[in-house]
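These are the residues of each chain, in order.
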Amino acid sequence: DTGVSQDPRHKITKRGQNVTFRCDPISEHNRLYWYRQTLGQGPEFLTYFQNEAQLEKSRLLSDRFSAERPKGSFSTLEIQRTEQGDSAMYLCASSPGHHGYTFGSGTRLTVV
Amino acid sequence: AQRVTQPEKLLSVFKGAPVELKCNYSYSGSPELFWYVQYSRQRLQLLLRHISRESIKGFTADLNKGETSFHLKKPFAQEEDSAMYYCALSGNQAGTALIFGKGTTLSVSS
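Chains as they are written, first to last, in this note's numbering: chain A, 1 to 112; chain B, 1001 to 1110.
Not one of these hints is a red herring.
Partner residues aside, some chain A positions facing chain B, computed with beta carbon under 7 Å:
| id | residue |
| --- | --- |
| 1 | Q41 |
| 2 | P43 |
| 3 | Y48 |
| 4 | G100 |
| 5 | F103 |
| 6 | S105 |
Rather than coming from a laboratory, the hints here were simulated on the basis of the structure.
Quick caveat, the model's predicted, so the values are computed rather than measured.
All C-beta atoms, glycine included, are put in the ideal place defined by N, C-alpha and C.
Between the sequences and the hints, there should be enough to build the whole structure, so can you do that?
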């Protein structure tokens, strides 16, 4: 297990298309987080899972966004009907239960 | 409102000079404070957290509850310290999401 993996690394999509990102956390970590980072900003919290349960969602997560973590392992983040404002780096992090997050390398989304 | 403020976007120092990256926070309760670092082309990684009271790569940070600050300090900067530094806070319940500041770019030149 080499850490948190995110796929794809880069995604370019046309406005209006749907995209899905995947995150594979460290296997023994039961908590998984999604963040979004835009240029000049720090990471902004989107949503959080403990095992398969989605426990918290940010106001940033509009109805076009949905996240899942079936079986409490990998997670997916889907954005429907993408908009140019969705262009950002999407970061995934996992944690064993205390506050030490391990981040993935992120998926950079560009909506054209 | 919960907020982390890093007032400097960029801090440029010479090698060997002292470094202080400022972080102020707003939180109702007792937060946990962290510093994360992102080196060029690498992922975001934890540098230190206040509850550990440790020194990592020569960096220390003291939580000042009166001034609601958690400044990051190093007495003698090295070129390899050049990176983006983010201050972050969370509630003290396990699983609480981190709130990040906008980050400060530290540039150390010889």
